[in-house]
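Start from the sequences, fold in the hints, and give me the full structure.
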Amino acid sequence: DVSFSLGDSLRPGCTHDASDQAQLAELKTLGQLTRRAWEHDVQVMVEGPGHVPMDQIEFNVKKQMEECSEAPFYVLGPLVTDIAPGYDHITSAIGAALAGWYGTAMLCYVTPKEHLGLPDAEDVRNGLIAYKIAAHAADIARHRQGARDRDDQLSIARYNFDWNRQFELSLDPERAREYHDETLPADIYKTAEFCSMCGPKFCPMQTKVDADALTELEKFLAKEPAHQG
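Residue numbers (the numbering used here): 127 to 355.
Derived from the structure by calculation, the hints contain no laboratory data.
Even glycine gets a Cβ: it sits at the ideal position worked out from N, Cα and C.
Some hints here could point you the wrong way.
Estimated spans, in silico, between C-beta atoms of each pair [stated by the list, open to error]:
#	residue 1	residue 2	range
1	E248	R276	18 to 28 Å
2	D336	L150	52 to 62 Å
3	D338	L242	46 to 56 Å
4	D208	E184	15 to 25 Å
5	I255	Y285	57 to 67 Å
Given below as structure tokens:
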């Protein structure tokens, strides 16, 4: 079972060129090639542009669906700005989240080394993490069944100061644990009801817990019969 990846060789190499005549003309050709492939029972997916300002992403996704008869569309990002070499896993993940929301079928990850050099294992890791975040954010925005369950579970663990559970539910447990332990490394702090950001006196979660306890106490006292002197 073979699937062709139809590349867009005239895709924009910078945001200035996004959605230009060359790109859109080639998109029509990609649509023609898609339908020719389907006539022979050959599956295809269509590559999308890699540099697109945020305000043009929806247009690009919908235009591809129109020209290519809704064949699966995958994008390399797209990067939403060109001024952040070394951080293009971030500039592209922003675009990827939007593209996913608008209906892109697949996201092709970008590493921090994009435009600079050959990525190493750590670069690949950072790129994949960024794109897992983008894909998950898009799934939430599209209301996919169960997409937000993990978010809700982590929020509950955060409210309950269940640090180990928070780490387990994190997309990158190793990084989450590493950052927590940089300032509060002792095991006792895994049961602490605060982190080093706000400390024990100003933690908003703890303040909420205390406020809830006070509310329950007030409700209880309000139900008590008046003392008969």
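Checked hints:
no. : hint                      : verdict
1   : E248 <-> R276: 18 to 28 Å : holds, 25 Å
2   : D336 <-> L150: 52 to 62 Å : holds, 59 Å
3   : D338 <-> L242: 46 to 56 Å : holds, 50 Å
4   : D208 <-> E184: 15 to 25 Å : holds, 20 Å
5   : I255 <-> Y285: 57 to 67 Å : violated, 25 Å
Violated hint: 5 only; the structure is consistent with all others.
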